[in-house]
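Novice: Sequence:
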Amino acid sequence: MPTDEKKRKHKSEKTHKESSEKPHKQKKQKTAKIVQVQSAAPSTSPSSSFTEMVVKLYLHLAPMWSGKIMEGINEQLNAFLMKYVSEVDGIILAHSDIQLPTNKGRILHDSPFCHFFINVKFLVWKPTKGSQLVGRINLQSQDHVGLLIYGTFNASIPRSRIPSDRYEWRASEEETAENDSTEETEKEERKRSHYGEWVNKSTGAAIGGDKGTLEFTVEDIIEANDILTVAGSL
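In terms of numbering that gives the first Met the number 0, the sequence shown opens at residue 0 and continues consecutively.
Honestly, I wouldn't trust all of these hints.
To be verified - Only pairs whose alpha carbons sit at most 16 Å apart, straight line, appear in this in silico EDC-like list of lysine to aspartate or glutamate: (1) 32 with 86; (2) 125 with 51; (3) 200 with 164; (4) 125 with 218; (5) 120 with 51; (6) 120 with 88.
In case anyone wonders, no lab produced these hints; they're calculated from the structure.
Kindly generate the complete structure, drawing on both the sequences and the hints.
Specialist: Next up, the structure:
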């Protein structure tokens, strides 16, 4: 076989192999879209950060859900859970009361998806600036106090928003008593860090007390990667 022919054959086989090894691009799955917030019912407690909202969504249901429509609807609604959604300006925690205004959907052009509207009630967590929240202290440093709200959401109180006339940072001692009980040790770990803790100047008591919880004022709400982080002050 001539040299040129061998080169062409080798190049052709290589090109075919490379093209077959390239991963296939996955089609972007169609998702539900909130088109209208119809009503909002805040909690009966003025200090609560939870709100119930009735919204209208436009759904695109795949053929696989034919004959089990409600399962398909719930599957799409579950994709909203524990995420920040700008249309409701909060994190959706649960959905209920699904209603279909019509029992018919539309098949558009060459798409096999069934398109239709639904109404649904969302439970939304949306804290507001100036409101009071309670968090459990999970981190302390000279720069800030970190908290968990409802054991789920992150909050932070920076040093600049911790009143210096009421609180001070107390560094931990290098040595600790060897006869501390396990219960006392766990309590200490809950309210202080390895380096120290924030204490009340007048009483010397640890910030957050024995329970390690702290009430604070919401100063700012930061949204990033579908999650809310609260910045507060004392």
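Novice: Each hint needs a verdict: does it hold in this structure or not?
Specialist: Okay, the hints, checked on the actual structure:
1. 32 with 86: 10 Å, holds
2. 125 with 51: Given pair residue 125, residue 51 holds - Cα atoms ~10 Å apart, limit 16 Å.
3. 200 with 164: 8 Å, holds
4. 125 with 218: 13 Å, holds
5. 120 with 51: 7 Å, holds
6. 120 with 88: 15 Å, holds
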